[in-house]
Amino acid sequence: MAEKAKKKKVVDSGSAKGQQITMLFVILAICIIWTIMSEYFLTVDNWVNIVHTMCVTTVAGYAMTICLINGGVDLSLGYTICFSGITAAMVVYDFYGKKDSSGSIPIGLAVGIGTGIVVGLVNGIVVARLGLPPYLSTLAMQMVLKGLAYLLPGLGPVYISTSSRYRDLAQTRIGGVIPVTFIYVVAFGLILWFFMRKTVLGRRFYAIGSNTEAARLSGINVTSTRICAYVVTSMMAAVAGVLQSARVNVGSQTNGVGMEGDATVAAVIGGTSMGGGHGSLFGCIIGGLFMTLLKNGMNLLNINANWQFVLIGIFLVISVVVDTIRREREMSKLDV
Amino acid sequence: MSVLLKMEKINKYFPGVHALTDVDLEVRPGEVHALIGENGAGKSTLMKCLTGVYKADSGTITFDGEPWDVKNPKESTDKGISIVHQEFNLMPALTVKENIFIAREPRKGGGWLMNDEEMRVQCRELMKRVEFELDPDTEVSYLSTAHCQMVEILRALLTDVKLLVLDEPTSSLTADETELLFKTIRLLRDRGVAIIYISHRLDEFEHIVDRVTVLRDGHTVGTANYKDITLNDMIRMMIGREMTEQYPSRNAKIGDVVLEAKNFINPKLHDVSLYVRSGEILGMSGLVGAGRTEFCRAIYGADKLNSGELYLRGEKINIKSPSDAVKYGIAYLSEDRKRDGLMLNQGVDFNTYIANLKEYSHTGFVDDKAINDTVDSYIDRLEIKTPSHKQWTQYLSGGNQQKVLVARWLCKKSDVMIFDEPTRGIDVGSKYEIYKLMNQLAEAGHAIIMISSEMQEVLGMSDRIMVMYEGNVTGEVDISEANQEILMHMASNTYEQYKASLNQEG
Chain A
59 MAEKAKKKKV VDSGSAKGQQ ITMLFVILAI CIIWTIMSEY FLTVDNWVNI
109 VHTMCVTTVA GYAMTICLIN GGVDLSLGYT ICFSGITAAM VVYDFYGKKD
159 SSGSIPIGLA VGIGTGIVVG LVNGIVVARL GLPPYLSTLA MQMVLKGLAY
209 LLPGLGPVYI STSSRYRDLA QTRIGGVIPV TFIYVVAFGL ILWFFMRKTV
259 LGRRFYAIGS NTEAARLSGI NVTSTRICAY VVTSMMAAVA GVLQSARVNV
309 GSQTNGVGME GDATVAAVIG GTSMGGGHGS LFGCIIGGLF MTLLKNGMNL
359 LNINANWQFV LIGIFLVISV VVDTIRRERE MSKLDV
Chain B
947 MSVLLKMEKI NKYFPGVHAL TDVDLEVRPG EVHALIGENG AGKSTLMKCL
997 TGVYKADSGT ITFDGEPWDV KNPKESTDKG ISIVHQEFNL MPALTVKENI
1047 FIAREPRKGG GWLMNDEEMR VQCRELMKRV EFELDPDTEV SYLSTAHCQM
1097 VEILRALLTD VKLLVLDEPT SSLTADETEL LFKTIRLLRD RGVAIIYISH
1147 RLDEFEHIVD RVTVLRDGHT VGTANYKDIT LNDMIRMMIG REMTEQYPSR
1197 NAKIGDVVLE AKNFINPKLH DVSLYVRSGE ILGMSGLVGA GRTEFCRAIY
1247 GADKLNSGEL YLRGEKINIK SPSDAVKYGI AYLSEDRKRD GLMLNQGVDF
1297 NTYIANLKEY SHTGFVDDKA INDTVDSYID RLEIKTPSHK QWTQYLSGGN
1347 QQKVLVARWL CKKSDVMIFD EPTRGIDVGS KYEIYKLMNQ LAEAGHAIIM
1397 ISSEMQEVLG MSDRIMVMYE GNVTGEVDIS EANQEILMHM ASNTYEQYKA
1447 SLNQEG
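One line per chain: the protein sequences are A and B, in this order. To convert, take the position in the first sequence, counting from 1, and add 58; that gives my numbering. To convert, take the position in the second sequence, counting from 1, and add 946; that gives my numbering.
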């Protein structure tokens, strides 16, 4: 028996490596095609643009990855991005003060991210304490936030004065070249990776996502841990929301709409499992980059950019099917 | 004598593993043929080769006089081989008749509508064949395990079944339910249906089994008439060594009372109490559904309690949730390891330290190095067979999965361990190891509560036995006075009459 056990292959993690390597090749292929077809593709300006665009998708992807690892899903993610961007913009715009002056940017940031924390708390309490299915409770939250996004600022988008430094948050180039958004992607990725892999709280997210009942019987307080997971998720969504509003310099009701879809796609293409317990933050970068590149090239080539959605939809199915087949093949080798 | 199924020199390879080597199996019509072997011996693989889930790499199969060449399970069902798995494939929200006829419903209205009346009629006919009554319109979610199993068997009978494979059919049945199943099996056998009966419960074989085939490490060890061999022969064939004793002896010093539960009341418990001392194994016997699991879950804070008091070493404690219980050093190893115990898609290491993350972390950050050393030491100490501490627990055998859970609670330094059906679904050789492990725990001063539906196990392992019946404690005996008869009477709440009858005789 012992010898037989030794011969068995070790399956240690929901290893997303295979899928990620495949995706890197796909991305390389896309880059080569776009380079051949457009001379503008390989310019610094274009890549700065690409990085700016992918930043929000990737950060939103981080948020969704954490939610998925914990065994949940957050359909309110898009409107959390939207609504926290609006609340931040309202402070920066100095909504309640004199209209020609700018409000405080730090307070704006705090309010925006605080909005996310409140949304996460409510989501978490409804899911973990009241026991509603995540699909339903976050769908309800989506509705609520959609309404509030229009009701709170009165009507219409909150435009921020061009004299405000708010947009520098997302539009600065370090040394005139490296977009600050690139730093965000890397920095938040590292912080969250560290949080998920190295802290007790993060490790418990995995436990709950893997088997909630087993986690409960192991003495983990599932309710409070799950609430924390939703708070982290919505807080990261709020970060994405603030960045998005800074990038376009407006707290708009259309910012972030549908982003829960993009975030899920980025997470899943990057190798995160919908079943909970496993996920890759690094994969979100790949997923975010893939979607952004697809869209960017189409814009450059004047292809109707709506084709990107058709392609992404098809590609999502293919990538999950291929990955499932690959996993099944690995499993069948183990089945004795 | 005619032969229904003949499998000859079956070989099956998986990368790195020769799962079946020249396996032979011969089944005659109208016999109950037990297929036994430890977990991993190749029973499931052999059955999968038979029903078309796998294709054997070499070897020949003859069924009913013709070469057998099926590519998928559906084809094998159509040709007369059905399998009832240990875990049922039923749709709880559908009715009995809908489950039996699923995908084979009689139609009307040009094939667009289901013919419910016809289904009911055919259902009753099927039930007559096995002399068993069940309302065809009951929703399956309301049925007991035994009745669910009957629905599975009825479904198998719907096609003209010649060979029925039953995989661990009695593992979650009570004694009465098992008798019902045996009656059905005998009826089918008498009608010429051959039955392959896979089970770890060798003690039940005398009621039904005609012949036995033993597999070990992917080889056929032999086939014999049940009458010609003893229990010990079978065990020896399965494990390849003499099993001198089924239950290892222990040398534990029984100390003071560690945990005491007084007057526990909730909808499933009617004022029950228990205590357990250090170094002691308290066996909890009773029928399935007697409230033993519910009692332990209430102690552990996993189920709600209306009233009741809990004392740990004489001090009153208040447990509201499992996390409180864990803090007080109480551990619960659930009867369903996969559902309530393990995180199956995580490694052995993750499953070991997860209850005790706090100890292996500094100010909220996990110390992976300390964890790895600890986990490796437990793998060595408990002899957990795994290629690496990273191996997903879903790929371990039942015995090793149970050891991982023991490691989890040792790692947490729990004093009181509640084992709920500790050897369910675990093969004979590994059972012995689990027993040894429980003995070591008792010797080290842990207080152990063991819920078990296997009478032999309770008698073999306990220092003291308490018996429950429908949410009440119906008796408690020291091991020196316990025997099967007493326990059976306590478990069916007939102990008082039994005592009275003994007195009359005396």
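For the record, the hints were derived by calculation from the structure and aren't laboratory data. Quick caveat, the model's predicted, so the values are computed rather than measured. For glycine and all other residues, C-beta sits at the position ideal for the given N, C-alpha and C. Among the hints, erroneous ones may be present.
Said to hold, decoys possible - Using C-beta positions, here's what the derived DEER-type ranges look like:
#1 A:W251 x B:N1264: 35 to 41 Å
#2 B:E1063 x A:A363: 29 to 35 Å
#3 A:S162 x B:K1304: 36 to 42 Å
Claimed, not checked - 25 Å max Cα-Cα, derived DSS-like pairs, lysine-lysine:
#4 B:K1173 x A:K256
#5 B:K1108 x A:K256
#6 A:K75 x B:K1336
Given the hinted pair K1173 of chain B and K256 of chain A, is their alpha-carbon gap at most 25 Å? At roughly 61 Å apart (the allowed maximum being 25 Å), K256 of chain A and K1173 of chain B break the hint.
In this structure, is the beta-carbon distance linking W251 of chain A and N1264 of chain B contained in 35 to 41 Å? At 39 Å between Cβs, range holds.
Given pair status - K256 of chain A, K1108 of chain B, alpha carbons within 25 Å: Violated. K1108 of chain B to K256 of chain A sits at ~57 Å, over the 25 Å cutoff.
That 36 to 42 Å hint for S162 of chain A and K1304 of chain B (C-beta), does it hold up? At roughly 40 Å between Cβ atoms, K1304 of chain B and S162 of chain A fall inside 36 to 42 Å, so the hint holds.
CB of E1063 of chain B to CB of A363 of chain A, is that within 29 to 35 Å? Because 58 Å falls outside the window, the suggested range is violated.
Is K75 of chain A close enough to K1336 of chain B, meaning Cα to Cα at most 25 Å? Roughly 16 Å separates the two Cα atoms, so the pair holds.
Against the hints set out earlier in the document, violations occur for numbers 2, 4, 5.
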